[in-house]
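Sequences listed follow chains A, B, C and D, in order. Just so it is clear: in the first sequence, position 201 is 201 by the numbering used here, and no numbers are missing. Heads up, the numbering used here is the position in the second sequence plus 211, with the first residue counted as 1. Heads up, the numbering used here is the position in the third sequence plus 422, with the first residue counted as 1. Heads up, the numbering used here is the position in the fourth sequence plus 753, with the first residue counted as 1.
The set of hints was computed from the structure by calculation and includes no laboratory data. Glycine residues also receive a C-beta, built at the ideal position from the N, C-alpha and C atoms. One thing to keep in mind: the hints can contain errors.
Said to hold, decoys possible - Which residues of chain B face chain D? A few of them, derived with a C-beta cut under 10 Å, are:
(1) Phe235
(2) Gln241
(3) Met328
(4) Arg330
(5) Glu356
(6) Ala360
(7) Gly387
(8) Leu392
Unchecked claim - What the simulated footprint calls covered on chain C by chain D, stretch by stretch (three residues with Cβ under 8 Å from a Cβ of chain D suffice, anywhere in the stretch; the number is not a length):
(9) 664-677
(10) 682-690
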Amino acid sequence: MIHRDQLLKIIEEITMVIGTNKQFLTDLDQAIGDGDHGINLDRGFRAIKDKVEAVKDRDCGTILKTVAMGLISTVGGASGPLYGTAFMKAGQVVANKMEISPEDAVKIMDEAIQGIMARGKAAQGDKTMLDALIPAHEALKASVESGEALISAIAKAVEAAEGGVAFTKTIAAKKGRANYLGDRSIGHQDPGATSSYLMLKAISDVLVREA
Amino acid sequence: MIHRDQLLKIIEEITMVIGTNKQFLTDLDQAIGDGDHGINLDRGFRAIKDKVEAVKDRDCGTILKTVAMGLISTVGGASGPLYGTAFMKAGQVVANKMEISPEDAVKIMDEAIQGIMARGKAAQGDKTMLDALIPAHEALKASVESGEALISAIAKAVEAAEGGVAFTKTIAAKKGRANYLGDRSIGHQDPGATSSYLMLKAISDVLVREA
Amino acid sequence: MKKLINNPEFVVEEMLEGVVKAHPKYVKKLDGFNVLVRANSPIQGKVALVSGGGSGHEPSHGGFVGKGMLDGAVAGAVFTSPTPDQVFEAVKAVNGGAGVLLVVKNYTGDIMNFEMAAEMAAMEDIQVASVVVNDDVAVENSTWTTGRRGIAGTVFVHKIAGAAAEKGKNLDEVKAVAEKVIENVRSMGMSLTPCTVPAAGKPSFELAENEMEMGLGIHGEPGTFKDVIKPADEIAEHLVEKILADIDYSGSEVAVMINGLGGTPLMELYIMNRKVSNLLEEKGIKVYKTLVGNYMTSLEMAGGSVSILKLDDELKELLDATADTPAFVQI
Amino acid sequence: MKKLINNPEFVVEEMLEGVVKAHPKYVKKLDGFNVLVRANSPIQGKVALVSGGGSGHEPSHGGFVGKGMLDGAVAGAVFTSPTPDQVFEAVKAVNGGAGVLLVVKNYTGDIMNFEMAAEMAAMEDIQVASVVVNDDVAVENSTWTTGRRGIAGTVFVHKIAGAAAEKGKNLDEVKAVAEKVIENVRSMGMSLTPCTVPAAGKPSFELAENEMEMGLGIHGEPGTFKDVIKPADEIAEHLVEKILADIDYSGSEVAVMINGLGGTPLMELYIMNRKVSNLLEEKGIKVYKTLVGNYMTSLEMAGGSVSILKLDDELKELLDATADTPAFVQI
Ligand SMILES: Nc1ncnc2c1ncn2[C@@H]1O[C@H](COP(=O)(O)OP(=O)(O)O)[C@@H](O)[C@H]1O
Ligand SMILES: Nc1ncnc2c1ncn2[C@@H]1O[C@H](COP(=O)(O)OP(=O)(O)O)[C@@H](O)[C@H]1O
Ligand SMILES: [Mg+2]
Ligand SMILES: [Mg+2]
Ligand SMILES: [Mg+2]
Ligand SMILES: [Mg+2]
């Protein structure tokens, strides 16, 4: 179970991790995109701080939707609507709930991925954030269904996401700006897959720390 | 005496020397001007070649006026009208003559300097070509009046011009583009004074070689 | 990073303030949003055009807000698509009851953010239509990929669709003419130097002293390939060939745009135009109109793009129509 | 040297060809001369304006040939005053019997070459008058020196004197209004990078990554002093202060030009304008009109200049008059 207060810590942790990796994500995006991914996400997560603070006593759904709206109205670019949609879908899954069950977590990732795919029209193997999120979701789902504790299920998801990030190095992009480079994008890891991995890692880190 | 055929050789020599020093003069002009003095003069002297060729059987005056017109219509900038005027005045001194006497040479330099001053409104000490030409004229005049041979009188003029060039390093420009730099022009030798020195040196070299 | 700026975080806001100070007769800024609209917006009964995208492409798009072109321009962060709420505000501010056409360049971010704004507008019963410009032949078109980018050819869409709206055409008609422009315009660009996003603080890519990037977009991303710098004529030849290979312009009249990326002097753009113009003449393609200048830039990047638009009588008339905006005036 | 050129020796000729190909309705080139004149030159009974100078300042001056501005523009080699015969050809080609005004920028070379052209014209009984623009306050004015340079403020002379000529004023009147502009306009510039004359092949001066040149002209020459790069607002403050120290603008209405030197993006020029505009407002000087863009450049140099012109009713009316040229159109 992830309690509302843990969710708030997770959001803080993500904000911090994105801040620390702002330059790294931007550098990745300079190599095959337009060099703003870290700047975009950092601007977005810094902007949600006060908004989340204002709803910190509400349910998980409200908090996640607040994050969603905040990202949508400050990030821009491709990642803004995509992460915005993902958090929006996540919020719908846990509307009115004060805690997130392992099953909820699986559902959240499922819905988030569906949302991203509907909005961005990309598929696995297009060298996007989906290449981190889909394997992570599969790992999470398998672990939860086999009765593993959430903390270790999420650790597996993080591992799978990391593998997904590594995989993006081996392929050419079919979606996003990196697509314009054709085969020149091979050899570079996808910035969005990397930020997705970092967010999952942040979740895992908070759960471990709080355990 | 400088015979018409020697005059033609002198013009060729000047053309060559300007060509060889194109970059040097341009570098000097980059330091305190707009970096085109060598390019300008080189363009001009290359352009007069055919025109002089066409009047090579005529008198010294015609040849010098041809040089003048050629420079005026191809050099541009400040040095175009100034050197153009100088050669024009020179041509007037030896109109219809097949050779140039030592006295003519003194008169030529005198008239050329007057012409440059009338056109450019500069005076000695303004950090221009005049700072090479005026001392050169004085040395030439003194030597010729004391009965020295033209070849050694011109050598003295070259020496004086060289001193004039060195002097331009010590002063701030009052005329030409270098003036805009204020005291920042101190320490740099004037490109126009340098090209004047190089032309006088070319004359001297031809006379020595032909002696 | 050498730039005439203050804080990299505020470049867009400060720029927009500077635009409004310079051109109060043309544009006003929506309070709290990075949106410029015509000073006399909304214009009742006229279809309104809204475009936008990341900043750093000036004068695109704010410079084209005015009579005969755009009604509103939305400015995202540098090279970053604006957010849906900003686009939505622009739509609301310019809507004069006859509907709003969104002119979107084909980038995943732009598409999604403008799409979300259109969804918001639809919920408030504002009639909205969209067109997507994808003129860049450097990128192969395919349904499996993102497809061709939208670059400088977009300015022709602003001009021509803007003229149609000004003439009183309805939303469907304005959209149809915008689509006709999009079908008939192709572009390709190249660069000699990278550019530096203020917030990033360092150049977007590296090029050796003798290298250039061919086939690149307007967001500082590298192109499709690196090459040694060639003479302008050879570069022009390559760009024109790629464009002509994409649609058949033979026997037709065209408009040409030689667009500078921001750091290249007009002298060089005109040298490019000389060759482009000669090449088209050789191929029997008649140049009806030529634009040379910085229309859709990439910060201070040196380089340029060539756009060619195939014209018919309708497009010619609209292209020739009067326009009065800060960056494009035509009598 | 990274440039979109072919042979450095032919940049001016090739550029002019490109201009004529792009703007045949506006300009034609005189055969055998680097001179652009209006397509319909000479215009009988109208005072004609001729300007020019070295090339590399595009769109100055050829871009301003057209209705309401110049009749002819003479293009010298890059940064080198054109020769007298070229200027003389321009004068002959545009003279419509009402005389010709030469608009000369205050450089020794320009002065002398235009002066010689005027002497040639006088010998053929063409009525010629000259004005010399010297707006650059970076250089101290003194009868012992070359005096202030002519820089971007010259464009105001073209616009306003051009409008007077178009209205049918005679040569004395046009000259008088040009002189009024010159008396009332001041400018100052700065740069972040040097520029490279194509034939020279290397930058005109060196600047460290954190340095800028203040008070420099438009020919790639260094400025009056080097400084560490400051925020745009401080730079704007320095430029405006120097200008305001030179003539008293207080209580008056002014036109402002934020001129880019060629390599600086519009974004930065607008950020500069924001501050310039605020400073003038604070001092009670009313900005009547603002121009922001590349009007008088220095090849690909990054940087800009600020020009301020004090207006009266006559100047306002002429500034507002219609103009139709390749680089400046006003309805
Ligand atoms: N259609 C898409 N579907 C899913 N993810 C995408 C899509 N397009 C881009 N992305 C992700 O967005 C990341 C880039 O985000 P960002 O740099 O913030 O936006 P932009 O590309 O607009 O500059 C890419 O690395 C990729 O992971
Ligand atoms: N008024 C003047 N009188 C005499 N010589 C001058 C004057 N102005 C400039 N010069 C000379 O011209 C030289 C510069 O020539 P050049 O670079 O060809 O022309 P520009 O200064 O127009 O670029 C200077 O070094 C100086 O010697
Ligand atoms: Mg990006
Ligand atoms: Mg010079
Ligand atoms: Mg982006
Ligand atoms: Mg010069």
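Structure-based check of all given hints:
{"no.": "1", "hint": "Phe235", "in the structure": "violated (12 Å)"}
{"no.": "2", "hint": "Gln241", "in the structure": "holds (5 Å)"}
{"no.": "3", "hint": "Met328", "in the structure": "violated (12 Å)"}
{"no.": "4", "hint": "Arg330", "in the structure": "holds (6 Å)"}
{"no.": "5", "hint": "Glu356", "in the structure": "violated (33 Å)"}
{"no.": "6", "hint": "Ala360", "in the structure": "violated (37 Å)"}
{"no.": "7", "hint": "Gly387", "in the structure": "holds (5 Å)"}
{"no.": "8", "hint": "Leu392", "in the structure": "holds (6 Å)"}
{"no.": "9", "hint": "664-677", "in the structure": "violated (count 0)"}
{"no.": "10", "hint": "682-690", "in the structure": "holds (count 7)"}
Of the numbered hints stated above, those contradicted by the structure are hints 1, 3, 5, 6 and 9, listed in ascending order.
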